[in-house]
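Visitor: In case you want the letters, here they are:
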Amino acid sequence: MSADGVHHRRLRVPATPECLEQVHALLADLLVDVDGVADADRTSFEIALAELVANVVEHAGAHGAVGLTVELGAGPADLTADLYDDGPPVDVDPGAAVLPDALAERGRGLALARAAVDDVSYALEAGTNHWSITRRRRA
Amino acid sequence: MIDVETEGVAPDTAVLRPHGRLNMVLAPRLREVVATTVQGGRSRVVVDLSSTDFMDSSGLGALIAGLKTARQAGGDLRIASVPEQVQTVLSLTNLDRVLRPHGTVEQAVGER
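Order-wise, the sequence lines are chains A and B.
Here the working numbering is used: position 129 in the first sequence is 129, and no number is missing along the way.
With positions in the second sequence counted from 1, the corresponding number in the working numbering is that position plus 1000.
Just chain B, with the same shape it has in the complex (with noise of 0.2 Å):
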């Protein structure tokens, strides 16, 4: 399940928030989500992984694809609240200069 929020932030900015494992099963939601978001005028996409138990190489792909879809229509994905697991897979495939994790969501939606 993936909570879209977009009460109390601006007009161009969404919140994801995945719940449970994001990997082969939940990953191919994940892009749809950022998708239908970006194309419904809100490009600024913060994903909120609070409460992701586990991520795999397959939600680190839909993570990379949201950010090229945001990129491309002007804006941004950033990532906060990242849970130790999720930091390790960011480390062990160097992207997390790529994704840099962000401490908090409203950190990572404040920040222009």
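Chain A with its partners taken away, still in its complex shape (with noise of 0.2 Å):
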């Protein structure tokens, strides 16, 4: 834990579908450190962290090898994520993303994650992706 009371975890790992387990194992680690948080603020961050991480997996399909590093944060105000991956650039603004109609089988997962959180944002730095998102604790 660091002096302003946020608890952290990173991992790196190869952008495969098989991480997305390693993720979800990474936050549920975390939030054993951290006192109280609701399930309503757990829940909500945890869907936005599986779609932009299955985002990257799914970008990064074709292209060989990318890696990804995952970091968290949760402290009393609010939990954090950051992601970082080698693959291509990507273009998109997450604050345009709508949903799709009701019967459309795919393209809800940016959406999605920009209503289960308060913050979700993209920019290529250096030739690195970076995600990032912020869910500000209710409870």
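Simulated from the structure, these hints should not be mistaken for lab results.
One should not assume that every hint holds.
Here are some of the chain B residues that sit facing chain A, going by a computed Cβ distance under 10 Å [stated by the list, open to error]: (1) R1017; (2) I1064; (3) L1092.
Coverage of chain A stretches by chain B, computed from C-beta distances (three or more under 8 Å per stretch; other residues unrestricted) [unchecked claim]: (4) 15 to 29; (5) 46 to 55; (6) 58 to 72; (7) 86 to 97.
Simulated coverage check for chain B against chain A, where a stretch passes if three residues somewhere in it have a Cβ under 8 Å from a Cβ of chain A [to be verified]: (8) 1021 to 1029; (9) 1045 to 1059; (10) 1078 to 1090.
Cβ atoms here follow ideal geometry from the backbone N, Cα and C, with glycine treated the same way.
Dock chain to chain to rebuild the complex, using the hints, since each chain is given by itself in its own frame.
Guide: So, in structure tokens, the structure goes:
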């Protein structure tokens, strides 16, 4: 734990479908350290985190070995995640993501992530994709 | 893993039970299982989510695909025993009216 009461966890994995289980486990491990995180905060944060990791994995798909770094933070005020991957640059504006038609079979991931947390952002930083999410704790 | 249960239900009905996380790993399998089940004559599909630890948008997409497959065959797809996390995903995507949660498998099977 750092001086500001924020706990951290970090993981570096190949961006494959199997890494999703490791990311869920990393979050569970982090939250053991933090008292009183409300179920709604945890659930919403985990939904957004899983969507963004799945996006990275899907985007990495055909591009060979892509490495993904996941950094999680949990403090008195909020839950945060930063994802860094060296896959191809993403052309997307998270702020513009909207839900598709009710019977669409795909295309909900980013809109769902945005609805679940307070902030979702993306930046290309020196050739690295950087996604970050913040969920302010309600309880 | 997805259990398929056809014992003790009508010949046009099947109960599917996904285990674990219904995400990009398991969602393609659910699509296949629904398609095979409907092709086999059981177009009234109930997906029992009591053993589903977590569902993401790809799992949701598989349920929508299954709903369309079942309806095209004159049947339906219903979800039952929906955990809180899945309920949250349905609410956030405004799909709780398209995929209306049923309390139990029996209720989902019984309603005609």
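Visitor: Take the hints in turn and mark each one as holding or not.
Guide: Cross-check of the supplied hints:
1. Taking 10 Å as the C-beta cut-off, the interface hint given for B/R1017 is violated, the closest approach to chain A being about 20 Å.
2. Because the closest C-beta pair between B/I1064 and chain A is about 5 Å apart, less than 10 Å, the hint holds.
3. Satisfaction of the interface hint for B/L1092 is found here, the shortest Cβ-Cβ separation to chain A being roughly 4 Å, below the 10 Å cut-off.
4. Coverage of the region 15 to 29 of chain A by chain B holds [criterion: at least 3 residues with CB-CB distance below 8 Å; count 5].
5. With 5 residues having a beta carbon nearer than 8 Å to a beta carbon of chain B, the region 46 to 55 of chain A meets the requirement of three or more and the stated coverage holds.
6. Residues of the region 58 to 72 of chain A with a Cβ under 8 Å from some Cβ of chain B number 1, which does not satisfy the need for three, so the listed coverage is violated.
7. Judged by the Cβ-Cβ criterion of 8 Å, the region 86 to 97 of chain A is not covered by chain B as claimed, because only 0 of its residues qualify and three are needed.
8. Against chain A, the region 1021 to 1029 of chain B contributes 4 residues with a C-beta closer than 8 Å to a partner C-beta. That satisfies the three-residue criterion, and the hint holds.
9. Under a criterion of three residues with beta carbons nearer than 8 Å to beta carbons of chain A, the stated coverage of the region 1045 to 1059 of chain B is upheld, 4 such residues being counted.
10. Judged by the Cβ-Cβ criterion of 8 Å, the region 1078 to 1090 of chain B is covered by chain A as claimed, because 4 of its residues qualify and three suffice.
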